[in-house]
Amino acid sequence: MEFDWSPQDEAHREELRRFLDETLPEDWETISRDGPGSDAQAGFSREFCARMAERGWLTQHWPAAYGGSDAPPWRHAIVGEELWAIGEPRGPQYMNVNWIGPAIMEFGTEEQKAQHLPRISRGEVIWCQGFSEPEAGSDLVALRTRARREGDAYVVDGSKIWTSYAQHADFCILLVRTDPEAGRHKGISVLLVPMRTEGITVREIPSVVGERYFHEVFFDAVRVPVSCRLGPENEGWNVVTHALQYERVGAARYARAALTLDRLAERARERGWLEDPHVAERLGHARTLVEAARVLTYRVIDQRAHGKPPSTDTQLARVAGTDADLAVGELALELFGQEGLAYGSFADANFRLAMTAGVAVGATEVQLNLIAARHLELPRE
Amino acid sequence: MSLDLAFSSEQLAVGEAVAGFCRERVGGAPPAGDCPADWWQGLAELGVLELASPEAEGGALEATAAFEELGAVAFPGPVVEALIGGQVLRREERAAVARGALRVSVGTHDLAPFVPGCEVQLEVSGQSLFRAPLAAGFESLSSLDAEPVARGVRTREERLERSRAGLDLGRLLLAAYLVGAARRVVALAADHARTRTQFGRPIGDFQAVAHPLADVYIGVASAETLTHAAACEWDERRDEGEGPSPGLAAAAWLAAREAALEACHVAHQVMGAQGMTLEGPLYPLSRRIRQRASHAIGTATARESMVARLDARVGESLG
Amino acid sequence: MDFELDGEQQAILDSVDVLLSLRAGPERAIALAAKGELDHDLARALREAGFLSLATEVGPLEAALLVERAARAAAVLDVGARALVAPALLREVPDVPVALVHADGRGPVRHAAFAGVLLVADGAVARLVRVEPGSLAPVRSGYGDPLGFVPEALRRSGEALGAGSGERLLRWWRLALALELSGASTAALATTVAYLKQRRQFGRAIGSFQAVQHRLARCAIRTEASRWLALEAAHHGAPGERVAVAAAHAADTAAQVFRETHQLSGAIGFTREHDLHVFSMRLQSLRLELGGSTAHARAITAERWAEGAP
Amino acid sequence: MRFRFSEPEERFRREVRSFLADHRDLDGYFRQGQRWPAVKGLFQEMGARGWLSLAWPEEDGGAAGSPALEYLLWDEVAYARAARNPLSAGIVARTLIRHGTAEQKRRYLPPIRSGDLHFALGYSEPEAGSDLASLRCRAERHGEEYVVDGHKCWQSYAQDMDCLWLLCRTGEPGGRSEGLSLLIVDLDAPGVGRRDLPILDGEQLNEIRLDAVRVPVSRRVGPEGGAWKIMGEALADERHIQFPPGRVHRDVEELHAWCRNRRLDADAGVRRELSALAVVALQVEMMALRVLDAMQRGHDATALAAANKVLHTEACQRIARTALEWEGPAALLEDARPALLWRQSMWETVGGGTSEIMRGIVAKRALGLSGRA
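One line per chain: the protein sequences are P, X, G and D, in this order.
Residue 1 is where the first sequence starts when you use the working numbering, and the numbers rise one by one after that.
Residue 382 is where the second sequence starts when you use the working numbering, and the numbers rise one by one after that.
Residue 701 is where the third sequence starts when you use the working numbering, and the numbers rise one by one after that.
Residue 1011 is where the fourth sequence starts when you use the working numbering, and the numbers rise one by one after that.
Since the hints were derived computationally from the structure, they do not count as laboratory data.
Note that CB positions come from ideal geometry on N, CA and C, so glycine has one too.
Mixed in with the good hints, there may be bad ones.
To be verified - If you anchor each label on the Cβ, the simulated ranges turn out as follows:
1) P:Arg55 with X:Phe580: 43 to 49 Å
2) X:Ala387 with P:Val141: 57 to 63 Å
3) D:Glu1113 with G:Glu973: 38 to 44 Å
4) D:Pro1136 with P:Arg203: 35 to 41 Å
5) P:Val141 with D:Arg1014: 56 to 62 Å
6) X:Asp692 with P:Asp9: 54 to 60 Å
To be verified - Listing some non-contacts, in silico: residues in chain G with all C-beta distances to chain D over 10 Å:
7) Glu737
8) Ala745
9) Arg806
10) Leu828
11) Arg840
12) Glu852
13) Gly903
14) His935
15) Glu973
As the list claims (entries may be wrong) - 30 Å max Cα-Cα, derived DSS-like pairs, lysine-lysine:
16) G:Lys897 with D:Lys1374
17) P:Lys308 with P:Lys186
18) D:Lys1115 with D:Lys1050
19) P:Lys113 with P:Lys308
20) P:Lys186 with P:Lys113
21) P:Lys308 with G:Lys897
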């Protein structure tokens, strides 16, 4: 047990920071104000990810065979920290890199790998995930979008909701029911669907979080070749649970929260607010939550570095990350009062992003259920 | 006559009239931005804009009944400010406020909401209200994508008499508005919890959903009664001819604020992504709650007056 | 970066655990509490096995692991002060119980009635005060550790330990607190989880209610984080901000664990016949030490963000 | 709308207050177990004034007073920290008045009214705390007697009481709320064993074992198997006096005075929390008034009373925690007021129906959520 970064890791972080200094445009703050799904940020991501790819950093944690360099998980975690902290210049592409690519490596055919992995690795493609439905949010297995087999294609009918990045996406990793008779976890399949297929329409749901954050995606007799199915038919649930294990701590929320908190404290100091012990306490407590989330996330990365299978530590880290994010967002709003509500102001921008933390990707409640069942081994009903 | 915690029939009638008006005009959710001119005129015609002023028949209780209904639909615009104006402005100005012809903004030293729609701009500082217009050339901002706010330099012209009465009424009405909004938020979340199913049952079956909702229900219910008590106190003191003192109004404001913010927090958790859309019913309410909870009246003075109140009580009980 | 124990650490912890399982535990803690005694036998056994000098002979992280494990086993001993704090200040680790004292503190001091050495934090310096063990007045306490009074005169006497020693004492003291809090929180939670798995209400195990599960899960998240934060701080040599973070987090965790474990255990948790109080009551005293969570939180801000902070 | 009591009610409040001047800080509220003879004396004095039977019907020796009077009485007594309302004059007497036989009324009501006869509550069991319907204590009918076997626990102060108000199963074993009956058992009857459970608040809880205890059928209150309904009614009668807000006001005021004495109140963090607690105390009072208002109107106050209990007891815990935090280790000394407040308040969110049960009631009745899972 030891808690130092290796000199190589430290050097990588330094190099990455220099790269960001050089690469990010002066108006990056403005570009990133509306979140990764905004037109500006998604557009910029294509440019930025290409440059990350040039350096070999975009998918360095991937195996060499798929365009990576087998970098240790800690190295990729550093990239996650540095990029999330400043508002994620990879835009929606962090998803492909973190888990969609690895899922294709694990379950894809040679043809699918050849089609998708190089493009992801070069940073030139945007994906969205078609999971949630109006009647299936955190409880994904209740999904109803139907894919009927017709010859060598599936015909997909249904709709997805809360889909981020759908407006920009080139592909969708889509969860469909291929066997309506089967039980809840059975009969689900995963399709890799080009978004420019006929019969797909996208509607933006105006949201408080930022532009292009939520969408509805409608599938009206959309024909998807059987060759686009990822993994065996009716066993998509395994594919998804496996894929999501990568996803769970992919977003280094604590890093963003830590930087936000530092900025908040800096502003508070400038205004003399640190003299107020109540403010000092609140900042201190928020810092403990951020640090807790960091150390729990490190624990997960460490397990991966040791080649261990994912454990419930993943859920602990996620809930802690959400709590930290929300606490910092709330604190910013509270300290700034009315001033914090001005659109695009420091407090406002951070709060809106933090608000979704507990809801996105498997609500906190689901994480807590898993911790109770697997970490504490509490009985079911 | 002993304790009686129900609104009188006159007060109920005020509330119902406002509720009816809101149903008819506002419908499901109010639009972003300032209050449309015809809605404002409608409020004036209902007599809402003059409640609790020296000329009005109705006092703080009537105003409370009205503002709970306004809160329930997240009614836009500087309504609380109009009634503050009804306490502190000159007689002819008060009449114009009551007619809907004059609008009042109450802000901090450098922020003023609803400018330029407001002809009278007041600044709040501690227990004082100043007439303090913004200089030309202010910067226009938007607050939580909805309300217009201006940032600029003010010139203080005069400290207004009856500042304390005005601010006390302001706290009280903010509390009433927040209570009304929070009740609706809890109702929406409870409705969602009864109808939305997950893992094969309504999510309200889960204690993890039901108990936090019970807690916010309790918080809102007690804040509601505290607001009513504060309104009673305000009216009694007015009838007795005393100037209102910072008492229950400060407590009601602090309690309602806390309860409403917590209600939003829980409701967002219960309703998930549906609470994050601009189309859904929750966000327009929670946004407005966040704005009203951040009102320029602030919490520092209210908190200090609570400590002062304790000082007095302890003095009494030890003496 | 490596969160797994290395071979040596594993070996140390294995034998620590064996020793603690034989000589410590809630039952022994209850017996000692009835007499208001410190566990001198355990101290002797730990010393003979060389565990009390881990900090100097192996490193502070290993000593930290010991302190956390001892707290989990409800050891009634000054192990944090003796194995972790004293070595950071003194060339030779005392062979007598050590009590940590704040010069401005008014309240009773843990282990003071048995202490042979007091380490007093007095502004910029720490001072070493030697006392006759047993000479200070014991204070009756239901909070796990025996308490004692340190008279004002003693708090101001003794030999100054040099520039910067005051601050050094506070840092390591905070770290020891964080570790003890973390260990006791973990044990309190484990005791409660075990109880709620078998205890039934309304025809089912209480631990199967979702609200109960979520509350316990939240406690688990916090106890895990507390432990790692404290160990990390130990590894880095107890830097000011990290120990304040670890202590504040652990103190807040303790408050939450206390509330939830007692609330969910119901009446049984309040009796002295159930193990929970052995851990929970100690949590209550530990989390108040050194000004408690508010003081730790204010220290974080001072260390990280104040004008001229490092 | 009116948040004041009537002039006669206020006059009564003043009378109670001046009576209590001699009993202030008797500490029977927190430490009845250690103050019993004095607390009993207080009850006897109150009995002599007719205050223990304030709201009983006149034909049963009461004054048919309003709920408001009872509220004011116990609110003042709580503020003075003199005592808690006794079980005997509360649910025992009310139940006897409603369901007791003429003989039971004659035998028990006069000594209860005078403050001479006191009861311990025999509801909880090791396996049935908040979930009373699952209790096991069994009364077997043998002619004109029941033979009772069972194990009760968490009885407060049973060591000083005269009788046990016993809930037991007369119907089929394993049934739930059906088949439960109420018996009055003398605590010195043969076969009744009592053991003290040491608990953390320094007070005593007891466990009581009943080993073939013979109880005449004439001591059964209400019909056989009808206890569940009776208990509900008795509880409903008392909702307005269960959690008097005076206790919370007193705690907050004392905390504030103590902060001033120690000059802690210059600290902004302390002032902030004090102001928050002052607000919470008012919210607690408002909830109690709502319960009273509902009772006066004859409305069902179940959900309000549950809400009131959660708010009240959680507020007490928050105050006590705050006191501990500000005082530091010195607060832990055996007789330090903060430690006392804290240890007492810990118990209250568990005893008498846990906060979880109360939240469940609020969720169900006020919000229509089942909250079963």
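Against the structure, the hints:
| no. | hint | in the structure |
| --- | --- | --- |
| 1 | P:Arg55 with X:Phe580: 43 to 49 Å | holds, 45 Å |
| 2 | X:Ala387 with P:Val141: 57 to 63 Å | violated, 49 Å |
| 3 | D:Glu1113 with G:Glu973: 38 to 44 Å | holds, 41 Å |
| 4 | D:Pro1136 with P:Arg203: 35 to 41 Å | violated, 59 Å |
| 5 | P:Val141 with D:Arg1014: 56 to 62 Å | holds, 58 Å |
| 6 | X:Asp692 with P:Asp9: 54 to 60 Å | holds, 57 Å |
| 7 | Glu737 | holds, 18 Å |
| 8 | Ala745 | holds, 28 Å |
| 9 | Arg806 | violated, 5 Å |
| 10 | Leu828 | holds, 22 Å |
| 11 | Arg840 | violated, 5 Å |
| 12 | Glu852 | holds, 14 Å |
| 13 | Gly903 | violated, 7 Å |
| 14 | His935 | holds, 29 Å |
| 15 | Glu973 | violated, 7 Å |
| 16 | G:Lys897 with D:Lys1374 | holds, 26 Å |
| 17 | P:Lys308 with P:Lys186 | holds, 27 Å |
| 18 | D:Lys1115 with D:Lys1050 | holds, 21 Å |
| 19 | P:Lys113 with P:Lys308 | holds, 25 Å |
| 20 | P:Lys186 with P:Lys113 | holds, 25 Å |
| 21 | P:Lys308 with G:Lys897 | holds, 28 Å |
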